[in-house]
Amino acid sequence: MLFFLPAILVAFFSSILTIKFLLPLAPHIGLVDLPNERKRHDGAIPLIGGISIFTGVLIAASFFVEQSQLLNLYLISSALLVFIGTMDDIYDLNVTPRIIFQGLVGAIMVFGGGIYISDFGNVFATGIIDIGSYGMIFTLLACIAAINAFNMIDGIDGLAGSMSIISIASIAILNANVNSQVLLPLILIVAIIPYLFYNVSTRTSRGKKIFMGDAGSMFMGLTVMWLLVMGTQGKTASFHAVTALWIIAVPLMDMFAIMIRRMRKGDSPFKADNGHLHHICMRLGLTSRQSLWAISTLSTILAAFGIMGEFLQFPQWLMLALFVVLFIAYSYALQHAWRFTKVVNKIKD
Numbered sequence: 001m002l003f004f005l006p007a008i009l010v011a012f013f014s015s016i017l018t019i020k021f022l023l024p025l026a027p028h029i030g031l032v033d034l035p036n037e038r039k040r041h042d043g044a045i046p047l048i049g050g051i052s053i054f055t056g057v058l059i060a061a062s063f064f065v066e067q068s069q070l071l072n073l074y075l076i077s078s079a080l081l082v083f084i085g086t087m088d089d090i091y092d093l094n095v096t097p098r099i100i101f102q103g104l105v106g107a108i109m110v111f112g113g114g115i116y117i118s119d120f121g122n123v124f125a126t127g128i129i130d131i132g133s134y135g136m137i138f139t140l141l142a143c144i145a146a147i148n149a150f151n152m153i154d155g156i157d158g159l160a161g162s163m164s165i166i167s168i169a170s171i172a173i174l175n176a177n178v179n180s181q182v183l184l185p186l187i188l189i190v191a192i193i194p195y196l197f198y199n200v201s202t203r204t205s206r207g208k209k210i211f212m213g214d215a216g217s218m219f220m221g222l223t224v225m226w227l228l229v230m231g232t233q234g235k236t237a238s239f240h241a242v243t244a245l246w247i248i249a250v251p252l253m254d255m256f257a258i259m260i261r262r263m264r265k266g267d268s269p270f271k272a273d274n275g276h277l278h279h280i281c282m283r284l285g286l287t288s289r290q291s292l293w294a295i296s297t298l299s300t301i302l303a304a305f306g307i308m309g310e311f312l313q314f315p316q317w318l319m320l321a322l323f324v325v326l327f328i329a330y331s332y333a334l335q336h337a338w339r340f341t342k343v344v345n346k347i348k349d
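The opening position of the sequence shown corresponds to residue 1 in the numbering used here, with each subsequent residue numbered one higher.
Mixed in with the good hints, there may be bad ones.
Unchecked claim - Calculated pairs, DSS-like style, for lysine-lysine (alpha carbon to alpha carbon, straight line, at most 30 angstroms): (1) K209 - K20; (2) K271 - K209; (3) K208 - K20.
Unchecked claim - Across the chosen pairs, the derived CB separations fall in these ranges: (4) F21 - V324: 40 to 50 angstroms; (5) S62 - S201: 26 to 36 angstroms; (6) T297 - A125: 27 to 37 angstroms; (7) M87 - L318: 43 to 53 angstroms; (8) F21 - I128: 43 to 53 angstroms; (9) S201 - A125: 46 to 56 angstroms; (10) L25 - I328: 39 to 49 angstroms; (11) Y332 - P269: 12 to 22 angstroms; (12) F63 - L34: 29 to 39 angstroms; (13) L318 - L298: 19 to 29 angstroms; (14) L326 - F21: 35 to 45 angstroms; (15) R289 - A329: 18 to 28 angstroms.
By construction, these hints were calculated from the structure, which means they are not laboratory data.
Each residue gets a CB set at the ideal place from its N, CA and C atoms; glycine is no exception.
I would like the entire structure built from these sequences, with the hints used as guidance.
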């Protein structure tokens, strides 16, 4: 751990200094989030959290992580995604150009780095499922899904950051179990902490609150996907592909469940609404902070179950079956959330 200390310190202070540098500049370049019917907060909040996290990761990784083509491609693709996310934060881009750009960034990982998901493991108890080169298309779609999953979960203070830390920490634990890459995940976690302090902490003075922005949430989605692909594929794989589902269970289930609900209503799957898990928690009477703790606890439990299943070598088909049952239950609960909230609120009254 002492060997990692310089990298951790550089990531931490680079992130903090970036926040302090950008705080006074953000309002002048339009990099702020203004309140509206869906976003109820006080004043214009700087959308600089994602930039600060990326800067911390970029500087620390460039100096302390073993240099390779894959690392360079990760940093390049992340920089491009943070750029388009920042443009989205300033100019509120349409869905189509965002999806196209996300696909292009995903293509850097798949075709540039040559890493993609093809080995799904023995998830059907019939032997290893390997789809070969078709995995390139699957991984490209999965990358876009992960980017949007973390983007969609970013609805209350601290949630996207907490979900990212839980997922990345889970990957670090699984990697450490087989003496694989842990420095980059540690750098990522430490770079997120200053953002969380400014985003969630009540100790910051009024006017110094910041949001992650689309730049940050999309960067987190890409990062988690990149680490999952690296951790589940090849001869040096740290864990099974099915375990990845449990590591990102809450963002993944929330995205797909809400998109299914929107399409059943005849709406675009990307249409913004107030049907996410954090919205339901708040309609049940929880505060934003309580909702954060509740959802983070749920995510931690599910990720811990995935890690336990990996360590204890639970059958992969069983882990998949349990996840499918969990998703069906989650989706059903989300579709009928209004009934639950109505009953709970009636009991409280």
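Evaluation of the provided hints:
Taking the CA atoms of K209 and K20, the gap is near 11 angstroms; set against the 30 angstroms cutoff, the hint holds. Restraint check for K271 and K209: the C-alpha separation of about 27 angstroms stays at or below 30 angstroms, so the hint holds. Under the criterion of a C-alpha separation no larger than 30 angstroms, the hint pairing K208 with K20 is consistent with the structure, at around 9 angstroms. Between F21 and V324 the beta carbons are some 46 angstroms apart, a value that agrees with the proposed interval 40 to 50 angstroms.
Checked against the hint of 26 to 36 angstroms, the C-beta distance between S62 and S201 comes to roughly 29 angstroms, which is consistent with it. Judged by the Cβ atoms, the range 27 to 37 angstroms given for T297 and A125 holds: they are separated by roughly 32 angstroms. In this structure the supplied range 43 to 53 angstroms holds for M87 paired with L318, their Cβ-Cβ distance being about 44 angstroms. For F21 and I128, the hinted distance range of 43 to 53 angstroms is satisfied, since their beta carbons lie about 50 angstroms from each other.
Judged by the Cβ atoms, the range 46 to 56 angstroms given for S201 and A125 holds: they are separated by roughly 48 angstroms. Separated by about 47 angstroms at the C-beta atoms, L25 and I328 satisfy the suggested range of 39 to 49 angstroms. Checked against the given bound of 12 to 22 angstroms, the beta carbons of Y332 and P269, roughly 18 angstroms apart, stay inside it. Roughly 37 angstroms separates the CB atoms of F63 and L34, a value that falls within the hinted 29 to 39 angstroms.
The supplied range of 19 to 29 angstroms is met by L318 and L298, whose beta-carbon atoms lie about 21 angstroms from each other. Hint check: L326 to F21, Cβ distance near 43 angstroms, so the stated range 35 to 45 angstroms holds. For R289 and A329, the Cβ-Cβ distance of about 26 angstroms falls inside the hinted range of 18 to 28 angstroms, so the restraint holds.
Violation of the numbered hints given earlier is absent; every hint is satisfied by the structure.
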